Amino acid sequence: MKIEDFIDGVSWGRKDLTNIKDLSLREINEIFALAKLFKSSLKTDGAKLPYLKGKTVVNLFFEPSTRTRTAFEMAAHKLGADVISVASNISSSVKGETLKDTARNIEALMSDMIVVRHSSAGAAQYLADRVKIPVINAGDGAHAHPTQALLDAFTMREHFGDDISGLKVTILGDILFSRVARSNIYALDKLGAKVTLAGPSTLVPDEFKSLGVNICYDLPEAIADADVVMLLRIQHERQRANYFPSISEYASIFGLGVRRENLLKKGAIIMHPGPINRGVELDSVLADSGRSVILNQVTHGVAVRMAVMKLCMGASLKGK
Amino acid sequence: MKKEFIIKNARVIDPSRKIDSKGDLFVSDGVFAEKVSKAAKIIDAGGLVVAPGFVDMHAHLREPGQTNKECVESASMAAAAGGFTSVLAMPNTSPAADSPSTVRLIRDIIAQKSKIKIYQSGCITVGRAGERLAPYGSLKNQGIIAITDDGSCVQSCEIMRNALVYAKMFGLLVLDHCQEYTLTASGQMHEGETSLRLGLGGWPRSAEDIIVSRDIILAHYAKCRIHLQHISSALSVDIIRQGKLRGTAVSAEATPHHLALLDSMVGNYDTNYKMCPPVRTQSDIDALIGGLADGTIDVIATDHAPHSATEKDSEFDKAPFGITGFETAFSVCHEVLVKSGALKLSKLISLMSTRPAELLGIEAGSLKPGTPADFVILNPKEKYVYNKTFSRSTNSPWWGKSLCGTVVATYVNGKSVFERK
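Protein chains in written order, with the numbering used here: chain A, 1 to 320; chain B, 321 to 741.
Simulated from the structure, these hints should not be mistaken for laboratory data. Incorrect hints may have been included.
Said to hold, decoys possible - Only pairs whose alpha carbons sit at most 25 Å apart, straight line, appear in this in silico DSS-like list of lysine-lysine:
(1) B:K338 to B:K322
(2) A:K95 to B:K323
(3) A:K194 to A:K36
(4) A:K21 to A:K2
(5) A:K21 to B:K638
(6) A:K2 to A:K55
(7) B:K638 to A:K100
(8) B:K342 to B:K358
(9) B:K361 to B:K735
(10) B:K543 to B:K564
(11) A:K190 to A:K209
(12) A:K132 to B:K638
This structure is a prediction, so every number in the text was calculated from the model and none was measured.
Same shape as in the complex, but just chain B (with noise of 0.2 Å):
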């Protein structure tokens, strides 16, 4: 017998068909169908909003090798609670997933514990050091689709543009974390009025300027694809701008918190605004939107950056970069985004699912008939308070505040993986 169901009484939104309105969902053994039979059982969405999964192409699971501030199976729990259903793991872990052997120990354990669909990706150079490029070959024979030395940036010109070309043949979406060396050697936050009053180096625009220009410049000469991970910059949206008008292949994401946070939230030194990039001034933030609204910045990606309370609690600059944003991701953007009145919802959905599918080529961000049945109900009007996590970690700035928007249930494959309590 087909195990059927029905998300009656919803709000459909399939940014993928361009459909938002009143209407029914149906699935049928794990993926969406155009009718089912009577005997199907039926779920009452009370007027709520049913989406296709999230689709969160940055995050940092940290296993293999720093269990202690995140797992894969905590780390997919965490997802499924902020309405992800496929998230690209970045390579960044100990070892490095720039063998195939690592890579094929991290997708065992994923098989084993991840509660979604997790995609791997491989380093751009070993070790992530910038120096030679990894096996891409074959780390794609063990299933990465994507390449990137995030936390990292290849400083080389010749080694980046050898990285995209070589990456080109085996269809690798390359992913760079911007930023040039020299000027972010004493970087801890943005360079600007706080950082000179704290005393703290600064991390300015400039750096990632650069390495977004060399990037657009690199893949438009070599005619390869370039994605240039957490803008941050208004400069840089700019660029990103300019060089999708000449045709040049780039894409781009923000991040919940560079279109929510303010380097002076940095006040007396907290740490879980520290991140990498920083996080900047209004003005990057209006540049930011701009960018999402107008398709500059094709997608909206967490940079899930779990860290130990222990490690997070100490002198601002011996703490680690990078805060938690899974749980957080949709409350965040949804207040900044929609509820200010700059995107519609449906914009949003397609922001945080359909488009960043498309880009990773993987079967998700759309409710069609016939694709796997990954989807999120979701409450933006309900109100909540961030006080419980199924990370192993709680590095985000909004740990304890008063959020709204909710992810109420996440299912996979037709499962229900996470139900709001």
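Excised from the complex, chain A in its bound form (with noise of 0.2 Å):
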């Protein structure tokens, strides 16, 4: 199929993305159609496509990351738009300037679209509402990172095919602080897979069974069974707070070492959505065996991202 007759094909009526909760299967399917297109088409021929070209995406990141906004980045280069990206270092936010104010300058400025990563739960949503151009989810606090969840899924239709119900998807790690987890659980949910959350308990609380999800925090039994094991990253401050005693002790208890990788069945990958500690959640043989879509992950998050993009911005336009 053409891209062209896709687009025009679309029922998407969303400005924004802001999480994974509110979409409907439909909604998801339609990212994964689009994003294949832009996936065979960045493979075929690297040139930029002109879906978003005369438009200007601001990246508007107030917490540090390379991997997602590089991602975003590239996206909005790919199709063709102008990107100014914005660090929360230098941003007015440092002089005290609101959120609200800050989202409101950038619209004014003749911007078309906010790509917004923030520490605050519900700041991506809190933009979304208070300004007429998409605004699209790069992270907020521990609530929401839909993109990171749409190109996990993703990859997992790429290596698995289509149909990704009945997968068995083991997430291990730093659940309770992970915006990566929560956005993984909903969007696992809604495509059919079945979700096991394994790590510390003080890091995996009983109430996550209230999303649907198993929770087990026995290793080898966590991941015996899966399809695919998800490891988070693990946060050092975790251990100053007290929620495991160290680094060492995680690492034996919890980290996917290469001897258990005897534990995996056959066939089941290994995935992280980086940045990775090696050595502690994930040995560094493993990272980079045959097991390991990691970098897939990576590749999938720049076509996953066009789709979002384009898929927003088109409902904008139409709204106007």
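Hey, can you piece these two chains together into the complex? The hints should help.
Have a look at this one:
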């Protein structure tokens, strides 16, 4: 199918993408279908596509990020848009400007889209409700990271086939503070996959069961049956707050080391949203092994974000 | 000539004398009377409820220092509109009421600006920092009737014990905001399914339960009184009940919002549902109502906490804690306590008037002849939309919503201070 024909026929009506929870299965599949078209066009022809030509995207990053910001920049470039990236340390927020004013000023500068990362949960939706241009959430506190979850699910589909219902996915690590885990739980649930959360009990509270997932505190048991093991970065500051005793204890009890590879099912894959702490949550050898699809995730991140940006921009222009 | 009037044709409710019957109310020169002369003016209450003016032992008036949120005058008018004739002002102003000069300054503002009776509290510790005792004796000389670090909680058990013992010498009631800090360092809302879904830091019940227990233990051994503010957790209600059974002089309050709202109502980061302690779950509400019914929880207090629209219009974790409460307290409580069948109206009046007056030791909460004629006329059946306020702030989860049960008129010392139009 031609990209033009697909874009003409989309039913997508959202100006913003702030979380996964509100998306219908149909909307998620529409993102995947367009991402797939973009992926193959990037492969055959790395040149720029014209779908956001003449548009300006502002990346507003109040938290540090390399991968996500670069992927959004790359996605915008590939669609022909101009990109301006604003980091928090040079923005007016250090002078005490409110988030609302920062966003309204960016809108008044005639930008066409905002991609925002912020340390406050709910910040992306807060912005989306206050500006007319599309807002894409690139991570808000511990709440949501919708494009990460979409690229993760997209990667699973590319590996296992389009129907991932019944797929067994174990997410391992700091779940409590993870926006990636939350968005993945919603996305995978909608797609029919079976999610198990694993990690130290302090970071995987029982209340997560209310989101329809299994919880397991025994690593061998948690990964034995998994088709996908998704590792999350373990943050050193959690240790300072005594969520677990030490990095070495974490690595020994919950790290996916080489010695544990034999616990994995044949054909099981390893995912990680990055950045990896090699030797802590994931052994270096495994990260670079044939099971690892970590770099595919990064590449898919561009195609998925192209799809999200194009769909949201399209809906926003339709509304005018 | 005496200034006399009669409120006729009323349902008179006076919990202080166990009265709930049709009758008339007599007022002569600002005090309730047994009878009045034939020249007295007659006011027909049209069958509405007449009750003692409400007493709120927990309110933030924000003056001095935060008059963008509220001032003594606007707060007193909002209180009057909510049927409150006596209010205890919290000391967390800027500067905090921890010195005789600040207490005196506030006293002067109240004398000039307030439409109702405003009582003052002082701080437990200097700057509400939890480190050094405030000078209670000197503060009492300037007129405070209670002490609290409300909004903050003294974490040191030793300092809290000394505060109880030292305050007892002056007959000052100690009110505590029960919050253990290490468990609430990142607390934005009740720790539960909703906080987990929204990715907001949890404020667990245990942080309240621990301080409630500590305070009761300290009060027990020191043989002192302690009043526990805005109880929100079911286990805390049980702990207080046990303390009372053991004979400890503990009292406690519940707020209308903790009786009516659930953590799930935070919905999509609605900052008008952000308060400290946070609203919790139905099982906590049920326990609080049970506590009110059996006397474990002594009073209802509003924790009226105005904040400007600018402050509340922000990311959830950057917004201040607190909501306004004076004007909606009666409607909300009538809905969840009386209309639901849990309590009788006379019990609600007692919780909002007679009991808090007893705890504070002030002359209020009664229609007894010879006492100041502070009273309200209530229409429990009248519906309205809450879209007008005397407060400078509108940070209420009920703003713009339909409520039932109105304050028709409020009188202080026999003078009308509010009439519903």
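*Does the structure break any of the earlier hints, and which numbers would those be?*
1, 2 and 4
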